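Enquirer: These protein sequence lines are chains H and S, in that order.
Using the working numbering, you'd call the opening residue of the first sequence number 1 and step up by one each time.
Using the working numbering, you'd call the opening residue of the second sequence number 1 and step up by one each time.
What the hints contain is simulated information worked out from the structure, not anything from laboratory work.
The list treats identical chains as interchangeable, and a pair is accepted whether it falls inside one copy or across any two copies.
Below, simulated DSS-like cross-link-like pairs (lysine-lysine); rule was C-alpha separation at most 30 angstroms, straight line: (1) 94 - 229; (2) 286 - 156; (3) 156 - 279; (4) 286 - 109; (5) 22 - 109; (6) 153 - 286; (7) 22 - 286; (8) 153 - 279; (9) 109 - 94; (10) 229 - 153; (11) 22 - 229.
Keep in mind the model is a prediction, meaning the values are calculated, not measured.
Residue strings, one per chain:
Number of protein chains: 2
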Amino acid sequence: MGQCPSEFDLIERYFSLGVPSKWPSQGIGDDCAIISIGTSKIAVTTDTLAIGTHFLPDADPFTVGYKALAVNLSDLAAAAAVPRAFFLALSLDKADEAWIERFTAGLKKCAQQYGCALLGGDTTRTSFIGQERAPVTMTITAMGDVQEGLTRKGAKPGDDIWVSGTLGDAYAALMLRTGEWEGTCTQHLADRMDVPTPRVELGQFLQDYATACADVSDGFLQDLGHILKRSAVGAVVNVDACAASVDLRALGQQRCRQAQMAGGDDYELVWTAPVAARKAIEAFAKQIGITVSCVGTILSDTHLNLVDATGATVLNVYHGFDHFDQ
Amino acid sequence: MGQCPSEFDLIERYFSLGVPSKWPSQGIGDDCAIISIGTSKIAVTTDTLAIGTHFLPDADPFTVGYKALAVNLSDLAAAAAVPRAFFLALSLDKADEAWIERFTAGLKKCAQQYGCALLGGDTTRTSFIGQERAPVTMTITAMGDVQEGLTRKGAKPGDDIWVSGTLGDAYAALMLRTGEWEGTCTQHLADRMDVPTPRVELGQFLQDYATACADVSDGFLQDLGHILKRSAVGAVVNVDACAASVDLRALGQQRCRQAQMAGGDDYELVWTAPVAARKAIEAFAKQIGITVSCVGTILSDTHLNLVDATGATVLNVYHGFDHFDQ
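Please work from the sequences and hints to get the whole structure.
Expert: And the structure:
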C-alpha cells in the first residue's frame, strides 16, 4: 500500500463520508491498515505488481515471486507486524507451467523465510489488447499480528530520522540495466533490486522505540514526506548521511544522492525516534547485522530542508515515483 | 476466490509442503479462507476482475464498482460471514476522474448496503502492450466475522441440494448483449448481470442449517461440483427444478437449462442441508423475500446425475467457465 498516495487520495475523496467499520481501524494512508478484531490487532496491506512496470519484461520468475511477497512484508515491517498470512491474486497471460513453477518457488522461499503462509487466492487471465494479452500482474494481500502497530503519524520535533540499510542500490541497478546510466550492473546491485530484504525483525523491535515508521518504496524523501505530512512536522536531512554500498559510491556523488534520496524500490525502513533511543537502536542493528543511519532531525515547522555534511543547503531536485506523474 | 480452481491447484501444487500458519486456518479451495486470530474467527476472500474479461468494455463504471465488491461479498456469504472490511487494489489505464468518481460511487453503494468498510488499497497503472495500456483491473480482498463458517466440505448422502434466486439471468444478459443469442436484453436480465445481489443474510442464516455451501459464480454445476469433490459425494440434480425468471423462460427450455446449469455470474448460493431443515429454510427465504429451490439430493457414490422433471436422465452438456479453457 502507499505506492500511489495521490491516486488513492482520489478514491478516498470520492469514498468519503463512507461506511463506518465495526472493526475499529486506522484510516487509509499508512503502509498497513491496523485493525482490531475481538481482542487481537492485525495489520493488513495490499500491493499490485506488474511485469513491465515493477519488473523488467525478462525478469527471472523466481525473483518476481520472491519480491512480490517481500514488498508486502516490507509494509508489514513498517507497521511493526509479525507476518502470518497472505493471499495471492495472479493474472497470467498464458498457462506457462515452467514460469509458474519458478514464480511459486520464489514466492515460497520468501514465505518460508518470514513464516508467512499462503492461505488463498484467485487466478485469472490478463486482458486482451487487440490480439495480445497484457503482461502478468499479481496482487498480494498480506496480514500479520501487531501489538499496537506503528504508523506514519507520531514524529515529534527533536526526533532523530533513521533509515536502514544502504539506500539507492536497487535504483542504480535499474538505471544500469536499462542503459539510462553507463556502466555495468554488479551482482550486489542486481540482488538488491531483485531480492529485497524486508526489515521484519527491525520493524518489530521499533515498536518500543519509534514514534513513526514507513517503508522506503517510492523514494526516501517521498516516503519521509508521508511521515512529515501525517505527523504535521518538518525535517532537516543530510543528503550524504545515509550508508551507501561500495558499488553505489563508485558511481559518483551525484548519482549516489539521486539514487538514495529519490530512487525507491529499496524496501528499507525510515523511522523517527527520540534521541534517547539512539543507543538501543544502534545496539539492536549491530546484533542483527544490519546498517542503520541517523540522517536528520524532525523540526516543528512543516518544511523539508536538505543539507550536506558541512551543513550547507542542498537544492531539493529529488523526486520519487508516482504512477500517474509520467 | 475459487474462480479458477484448476489453475490455483497448480499454484497450490508447487507451493505444497509449504509454510505452516501460526493462524489456524482452512486450506485453499473454498470461497473463503477461515482463519482463527486470537479468540476470533474471520473469513477472507480475494478476487480479481478486469474490464473486457469480467465486464463488457463499455460497462457503466458505477455497476463495475458495485459488482466488484458484490462478487467478493458473495464469497463471504458462502462462508456464512458478516462483511466487515475490504481492500482495493486498482490498476487504471488512465487518470480519468469521471470514471473513478462513478466507479467509487458504485463501490460505496454496495459497501454501505452491506456494512463493509474500505480500509486500504493501492493504485497503479496497467501495463503497456506496445503503445496501449491494458484495460482497468481491480482486486478486492474482503473480510468478515464468522462463528464457525461454512465451507464446501460436509455434504452428506441424503442431504437436499438447494439454490437461491433465479439462476441463469446474468448469462442470458451476456449472450443477448454480445449477440450470441438473438433477442433483446430486458432490464431485468441486464440488472441481474450488472448489479448482482450477494446473499449475505441467507449465508449467515445457513450457518445453523447447511452442511456445505458455495457461491454460484462459475456456473451451477461447476460450483456444485466443488462441493461434491470436497465432500467426496455425488448427486442427482433435476435440471428443471431451479426457479427461472419470466424473462429467461421466454428464451426457451434449451437456453434456460444452459444458462441455469452452466452460465455462471449468478452470485447466488448453492448449499446442502438435511431434509429436516426444509421448513426452516423455506420459512427464512419467505421472510427475507427471496426464492429458494430444492434441486436435488446428495448421493453416496461420487457421480453427478442429471434428470428432468419426469426423472429421465439428461445428458450433461453443461460446462462452466474456466479462464484457461479457451
